[in-house]
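Each of the two chains sits in its own frame; use the hints to bring them together as a complex.
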Amino acid sequence: MNIDLFFQYIVAGVTYGAIYAVVAIGFNIIYNATGIINFAQGEFVMLGGMTAVTLHHFLPLYAAIIAAVVITTAVGGLIEILFIRWLRRPSVLRVIIITIGLSIIIREAAMHIWGEGVRALPYFTGTSVTSVRLGGVFISPQVLWVAGITALMVAALNIFFGHTLTGRQMRACSANQQAARLCGVNAGNMVTLSFMLSAAIGALGGCIVSPITYVQYDSGTPLAIKGFTVAILGGLGNSFAAVAAGLVLGILESFSIWVLPAAYKDVVSISVLLIILFLRPSGIFGSAETARLKEF
Amino acid sequence: MRIVRFLAVMLLFAAVTVTPAAAKDTIKVGALLAVTGPASFLGAPEAKTLEMMTDEINKRGGIMGKKIELIIKDTGASPEKALSFAKQLIEEDKVLAIIGPSTTGETMKIKNLAEEGNTILLSCAAAEVIVNPVAKYVFKTPQNDSFAVIKIFDEMKKMKISKIAVLSSNTGFGQAGKVQIEKLAPEHHIQIVSNEVYDKSATDLTAEVTKAKASGAQALLNWSIEPAQSIVIKNARQIGFKGRIFQSHGFGNIKYVAAAGPAAEGVIFPAGRLLVADVLPANNPQKSVLMSYKRDYERKFKEDASTFGGHAYDAMTILTRAIEKAHSTDSAAVRNAIETLKGVVGTGGIFNFSPQDHNGLSMDSFVMLTVRKGKFAILGN
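These protein sequence lines map, in sequence, to chains V and G. Mind the numbering: the first sequence is residues 1 to 296 in my numbering, read in order. Mind the numbering: the second sequence is residues 297 to 677 in my numbering, read in order.
Hints are not guaranteed to be accurate.
Computed footprint of chain V on chain G, listed as stretches where at least three residues anywhere in the stretch have a Cβ under 8 Å from a Cβ of chain V [as the list claims (entries may be wrong)]:
1. 331 to 341
2. 349 to 357
3. 486 to 497
4. 506 to 515
5. 580 to 593
6. 611 to 619
To list a few chain G residues with every Cβ distance to chain V over 10 Å, as calculated [stated by the list, open to error]:
7. Ile367
8. Asp389
9. Ser458
10. Asn466
11. Asp500
12. Ala503
13. Arg533
14. Val641
15. Lys671
Simulated from the structure, these hints should not be mistaken for lab results. A quick note: this is a predicted structure, and the numbers were derived from the prediction, not measured. A virtual CB, placed ideally from N, CA and C, is assigned to each residue, including glycine.
Okay, chain G solo, but in the shape it has when bound (with noise of 0.2 Å):
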């Protein structure tokens, strides 16, 4: 009975590994977001994204006549998930590229796996370390740390702030622009007088903010991707915190706005230019990019289109952009393909890689924004 058992498992696994064999002529991408989790709200627009453009692409008769097949994992943020779900995609499914994942933490945790399975992988993460130093196979969408982090220390020249309190959360994402502003202020001759790290499941911050508060800081940042970004400025302005509040390009997903209520009047933040599409003059480079995302978003999922999903919006455009102009679906070609590309307009500004630069944006691809009556303005109009 019990080699019975065990040969109907050998049979069921085997009939698990050839199945993907079978289908050849569509172009397999793999996703692994954070549909679920504490970081939901980045994988769950770049999931509801990448639904979206493979419907559309597959509508007009897919890449070069071949389909793609999207095999989205929900990894909740988890490294651990994100590891076994990227051996999975890389070893069973043979997948063409891996998107995502959401969060830096996972990306770094997968970065080896997908060098060593010569599989592309667009991370949709933020922290630099991603692609500094970079990886022959690892590319990343979303702007910079280090820029979003001389954005903010330009802003604070101009409004005469030397003293800072930072704040940042125990994550990845948190953890890697701590790095960034430690490394960048003594050159721009910002001095941090408080530097604190938080829980990212923290549900108050009172006490962090009141130690933020009492070194004197005249600004405080706060470095973050959690509901907890909220938390921090209802925190500072109920302890009667008077001075500017700083945020990561963390902040772009208007749901924190209406969750701090007034409390997120006045917050600065550098982001793309997506939350500001409607606001931009007609000749802006992005605009019709930006505007037809939007629309196409808000249209199909009724709820406000973030920077989080065009992040993802991103990495599917570099990646047809690159099988297209490679003409193959072999993965080194595509990779090389990607090197090449120059100009290439996205949601998060225009890519332009090169072998040493696996990001392909540059500082101006940021704004900076502020919230004015409960929506993002750009700051100074």
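With the rest of the complex left out, here is chain V (with noise of 0.2 Å):
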């Protein structure tokens, strides 16, 4: 194998992990505030690729993503009041249950919206044949579009849950609800904002993905177990662990297909997750210590 085959390979993991990254980020907000995994987080990936796509027909780019973004965290935020938040015990099991229900609802109604048609926004920077050469390697400019964006979203997300007084009564909530409760955290409220969030950042993913996946009504349960695959297998609730795991991954899967039928992608990544799940069940940047002590 020539060093520029080597690249290319690296390139299209670097490609499959990005996309990957993207979602599994989004279930990791929810998880961070709540501690349950919110299945319909592919749902808010196609939402907001969908709507940026109809949007973009009287809209410029940039305002329909932006708009996009907006009406699905709307959606998120309406979610989470309409059929989460009255609920008297909320066991993890049965939101659980809840969004996986969510997720079929939103999958029809997308289907009677926008029908059965595949979709995708314009190219950021150039067109579907555009590639920047680097050498013999060629590296579509919208996978750097996905790169660089996800690695501002984890930047992002890593002030806000770090730094800000907001972004550390979340994680309190999700720490133990009841003694966030009492500290005078409105944990009601965390919750929503962590449903709203995440809505943001599966409807921006969403878009920027778009034009190399493209987007259909039923895009976003494949993409959701992808996602939830290198979110396990980084550590649930971590950014920087599910942006490295989704790399991992990617690259994994693509040198798979240089030595072995490409059929058996799926296969590496599944044997890869019931390594992690059975060697070290906190996922490979997860501590075993904290993990102990969550519910799910």
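Quick look at the structure:
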């Protein structure tokens, strides 16, 4: 294998990894605030992409993306207020099942609104055939957009959760909701906020990956499965870990195609997930100690 | 209490099974179509086409004075769902014929069921295995995939292409195509230097096309029906693959061209003449059928007609012709009548059925098309 080919596989892996990471980060935010997994996360990604494509008919690209993120954020908030907030004892299992139900409802609604067609936003830079050439390696500029925006998102989230009052209140709710309440944190609002934030992240992710992956009413689920795998692989709740795990998985998948038939790509990623779950249930970067204290 | 509930349930069941017997003066036609799910761009236009045709036929007074009762079931392209809906259509609804399923995998799953239930099956899926070996009650309207492969190989020979990379999706259509490609390549002096199967829900195929490019192939041949076929060409051009890209007849939906953008330019694929109906010469025997279907469909649904809807159009046309010819709604009589139909002009070509040929189309039902400025055009014109 020559060196160009080697780097071309790396680039392919980075493309996969960046897409997975964007979705995984959304899972982490709600987990950080509530300790639950929101299985409608993939649908937020789909909603963001779909809304942006529709709005792009009469708005410039950046405005369409901003508006799509705002709309999806509102949907995320509404979902929490309508379906989760009024639960008296929101056990983890119950909320998870509710989110699975919601994901089905959102998917069906999307099918009725947009039909079954495949859509995509235009490439942010250039067209579907443009690529940046580095030596003998070709990269689509959209991959650079995805990687760049993901990096910014992770940095911003890290500052938010580590250094702002609201961010810390959110984490407090996840650690111990009762104690957080006693300290004067409005736990209910924090959960709503986390749904809005993860909807926003999901929608933005949906917009930036849509030129590469396309978006369809049911494209949320496969993305959510990969995103969830990556979130677990990295260790739930940690956005840096999600990016790292996304890249590890993406590059592994990409190199698996070099040695194995392409059909085994998913076998490789699922095997990696199983091995990690057996050996390090808290994820590659997660701490076993904290994992033991969590409910899920 | 429990007994009362049990009786209530039994009564409900009885009510369900009794009702269909009441309607006797209609011709029941079932349809198993992937209206939603990964093959929705096949199933959705098929369902719309059937609804449109049924309305039209019933408005004219039906066939032999009997109205058509169309029962469409959405399989979501799942073979398991197709199987249970097929059972329902055959055993409970007692339909005369089933149009569909949309995909090869689903069709193969219910082939035996239709055969045992003496129910005519007019599949809208392409793979040759559906009608070869011939099953008494099973027919199909799309052109054989082996014809598509031969057409493509002929074109490659003209372009002096001998080394190709093959990509296919892990669906019934992809795998049946792959088998034909592997079988027919040696006799056409085509060497397959790379042969990869990818998942039908793949969202990026950069690594797959990298492998294909590294194999030194002069051309890429992709065989799938999912959005992945747009992704393949996009990724191939992004990594700087300069050779020709060929697609299967599954590429016949302009939405894929739109989705792939400039990457779709110059893609070559075989297809029925529907996509180029406007530019066909007036003396082409299919011209009037194609234009009238296209006009009706586009006026009614405000979207471009695709070859897939055309497969359902052909299935319904063949069924109604056979019923008229047999002058009966007995499934055995109608089945026999289909085998004697000759020269039926459809959207996919001109159908000449026989007891050995349950597809009825010939090689010239395909034309080689390409994409020019975001539109389908006849190759070489």
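Verification of the supplied hints:
1. Only when three residues or more bring their CB closer than 8 Å to a CB of chain V does the claim for the segment 331 to 341 of chain G stand; here the count is 7, and the claim holds.
2. Only when three residues or more bring their CB closer than 8 Å to a CB of chain V does the claim for the segment 349 to 357 of chain G stand; here the count is 0, and the claim is violated.
3. Chain V is given as covering the segment 486 to 497 of chain G, and this holds because 5 residues of the stretch bring a CB closer than 8 Å to a CB of that chain, at least three being needed.
4. Only residues whose C-beta sits within less than 8 Å of a C-beta in chain V count toward coverage, and the segment 506 to 515 of chain G has 3 of them, enough to reach three; the restraint holds.
5. Counting residues of the segment 580 to 593 of chain G whose C-beta lies closer than 8 Å to any C-beta of chain V gives 0; at least three are required, and the coverage claim is violated.
6. Taking a C-beta to C-beta cut-off of 8 Å, the segment 611 to 619 of chain G contributes 0 residues in contact with chain V, too few for the three needed, and the coverage statement is violated.
7. Taking the minimum C-beta to C-beta distance to chain V, about 20 Å, the non-interface status of Ile367/G holds against the 10 Å cut.
8. Every beta carbon of chain V lies more than 10 Å from that of Asp389/G, the smallest distance being close to 25 Å; the non-interface claim holds.
9. Consistency note on Ser458/G: stated as away from chain V, and its beta-carbon is indeed over 10 Å from all of that chain's, at 23 Å minimum.
10. With a least beta-carbon separation of about 6 Å from chain V, Asn466/G fails to lie farther than 10 Å from that chain, contradicting its non-interface assignment.
11. Taking the minimum C-beta to C-beta distance to chain V, about 5 Å, the non-interface status of Asp500/G is violated against the 10 Å cut.
12. A cut-off of 10 Å between C-beta atoms contradicts the statement that Ala503/G is not in contact with chain V; the least separation is 4 Å.
13. Arg533/G, annotated as away from the interface, has a beta carbon of chain V within 10 Å; the closest lies near 4 Å.
14. For Val641/G, the shortest C-beta to C-beta distance to chain V comes to about 30 Å, beyond the 10 Å cut-off, and the non-interface label holds.
15. Every beta carbon of chain V lies more than 10 Å from that of Lys671/G, the smallest distance being close to 16 Å; the non-interface claim holds.
Hint compliance for this structure: hints 2, 5, 6, 10, 11, 12 and 13 are broken, all remaining hints hold.
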